[in-house]
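Each chain, written out:
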Amino acid sequence: MSQNYDDDMLVCRCEEITVGEIREAIRQGARDVTGIKRRTRAGMGLCQGRTCEKLVQAILRQELCNAPEEISAATPRPPVRPITFGALGRGEVE
Amino acid sequence: MAWESGVQFMIKKEVVVIGGGPSGMAAAIEAAKRGAEVLVIDANEKAGGQLFKQIHKFFGSSEHGAGVRGIDIGRDLLKEAEELGVEVWLNSVAIGLFAEKQIAVETGTDDAEKIVRVVEGEKIVIACGASENVVRFQGWTLPGIMGAGAAQTMINANRVLPGKKILMVGSGNVGLIVSYQLMQAGADVVALVEAAPNIGGYVVHASKIARAGVPIYTRHTVLEARGEGRVKEAVICEVDGKWQPVPGTEKVIEVDAIAIAAGLKPLAELAIMNGCKTKFDPILGGWAPLHDENMESSCSGIYVVGDVTGVEEANTALEEGRLAGVAIAAALGKITAEEAETEKKKIWDRLDGLRSGPHGEARMKAKDRQLADFRQLSAAEI
Chain U
1 MSQNYDDDML VCRCEEITVG EIREAIRQGA RDVTGIKRRT RAGMGLCQGR TCEKLVQAIL
61 RQELCNAPEE ISAATPRPPV RPITFGALGR GEVE
Chain G
95 MAWESGVQFM IKKEVVVIGG GPSGMAAAIE AAKRGAEVLV IDANEKAGGQ LFKQIHKFFG
155 SSEHGAGVRG IDIGRDLLKE AEELGVEVWL NSVAIGLFAE KQIAVETGTD DAEKIVRVVE
215 GEKIVIACGA SENVVRFQGW TLPGIMGAGA AQTMINANRV LPGKKILMVG SGNVGLIVSY
275 QLMQAGADVV ALVEAAPNIG GYVVHASKIA RAGVPIYTRH TVLEARGEGR VKEAVICEVD
335 GKWQPVPGTE KVIEVDAIAI AAGLKPLAEL AIMNGCKTKF DPILGGWAPL HDENMESSCS
395 GIYVVGDVTG VEEANTALEE GRLAGVAIAA ALGKITAEEA ETEKKKIWDR LDGLRSGPHG
455 EARMKAKDRQ LADFRQLSAA EI
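Taken in order, these protein sequences are the chains called U and G. The numbering used here numbers the first residue of the first sequence as 1 and each following residue consecutively. The numbering used here numbers the first residue of the second sequence as 95 and each following residue consecutively.
Careful, some of the hints might be misleading.
Claimed, not checked - Ranges of calculated distance between the beta carbons of each label pair, as one might list FRET restraints: (1) G/Glu344 x U/Met44: 32 to 40 Å; (2) U/Thr84 x G/Gly323: 28 to 36 Å; (3) G/Asp166 x U/Arg31: 43 to 51 Å; (4) U/Met44 x G/Ser450: 21 to 29 Å; (5) G/Lys336 x U/Arg31: 20 to 28 Å; (6) U/Pro68 x G/Glu387: 44 to 52 Å; (7) U/Glu69 x G/Lys336: 15 to 23 Å; (8) U/Thr34 x G/Ala456: 26 to 34 Å.
For the record, the hints were derived by calculation from the structure and aren't laboratory data. For each residue, glycine too, the CB sits at the ideal point set by N, CA and C.
Chain U with its partners taken away, still in its complex shape (with noise of 0.2 Å):
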């Protein structure tokens, strides 16, 4: 899977960051998942990461040659689905 890492190539497609993006967040000092999240943002999407994440590490891996366990998962925080303010706002609690 690891052909064509063209760097005009999108990975994060919620936020529209691409191949060359994350390799310069890389050049730049990220070292995991949240480094290039700081960075770029990918992953800070409506998804939330659900769909880049795998495709991020991989790219961390390629570049780091570091083994998959040393690529950590993402940070999740709440909400880790999209929500409107309006629905927050409407909650049932006193």
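Position chain G against the provided structure of chain U, taking the given hints into account.
Showing chain G alone in chain U's frame:
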């Protein structure tokens, strides 16, 4: 935000199950059967999870429900849960899991007002399942390219064809079964590509689509998807022993959809958020929360069952759910420890049976590693 402001929580339940698929419903039923008050939260308009897409018959022995279609297992589960008085919230999404076992749940659809409620469970079962892996190639974001599971939902749940000329990527059981079901639904599966040298899934499934004339290309991958506004062509090519494309072997295939069956990853966000210890295992689909023989995670009172704790199959998910349900009933004092042990022993025997044979053995070893890692973790803490 509302759930962080030290508010009074209105809803309390003995057991809250997040996810009404096979593992979640099984956990709910076993706990409710023994007298626990159970709430199931499910994101969809109908519970049952992937079972309602599984129109094929299951394998295994009769005690595992072999020969029964997933859709029938799903219907029976929902009926049993209803009879036992299990409360089910549909169109309800758990958006966070917090200290003191509080779950923020958004309920509603786009047509109805959505609200967020906080539910507190004495015991929580995380049964969120898994999400599909994608494969990246030039043009993979074009409309018409989707997960094989998504294609299966479209045909079997929504009765919509994703396309007429479909390329399937991946020859595991999902790729093979969905290919056949796409053909049954009236689509043409123009080819199936598999990067590995051999077909991944059961021979019986592969034979069905081979007999129907679908060309199966092993040692092949998708290089590119082309099209304006929608996928129109797929470029496939051979790969060498290091998974690299072999130049000059490209073939262009006319398609209007590409389905990707490249495995799944556990949807473990809620467990990770809550601090449950995880471990990476490629056999189980990546990072998955560890658990003990009761399916309880490293966070006391939080149980993890089904694909969340390692991608397997619906029948193992059902048994894992049952384990958690029985263990929870014992922990809540609904049954004695001895009663629970007898029941759990039976379930573990069935699980061992399901995790045998050429396709099950790797999973059995991976699940054993998971239990061993959990024991190590507990030992380190003591």
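Taking 26 to 34 Å as the stated bounds, is the beta-carbon spacing between U/Thr34 and G/Ala456 within them? Cβ of U/Thr34 to Cβ of G/Ala456: about 31 Å, so the range 26 to 34 Å holds.
Cβ-Cβ distance between U/Met44 and G/Ser450: within 21 to 29 Å? Distance hint for U/Met44, G/Ser450 is violated at roughly 43 Å.
Mind checking the hinted window 43 to 51 Å against the Cβ distance between G/Asp166 and U/Arg31? Because 49 Å falls inside the window, the suggested range holds.
Outcome of range test on Cβ distance (U/Pro68, G/Glu387; 44 to 52 Å): This hint is violated: roughly 27 Å between Cβ atoms.
Is it true that the C-beta distance of G/Glu344 to U/Met44 lies inside 32 to 40 Å, as the hint says? This hint holds: roughly 36 Å between Cβ atoms.
Could one say that the CB atoms of G/Lys336 and U/Arg31 fall in the range 20 to 28 Å? holds (25 Å)
Given the hint of 28 to 36 Å, check if U/Thr84 and G/Gly323 actually sit that far apart at their C-beta atoms. holds (29 Å)
G/Lys336 and U/Glu69 - C-beta distance against the hinted 15 to 23 Å: holds (21 Å)
Hint compliance for this structure: hints 4 and 6 are broken, all remaining hints hold.
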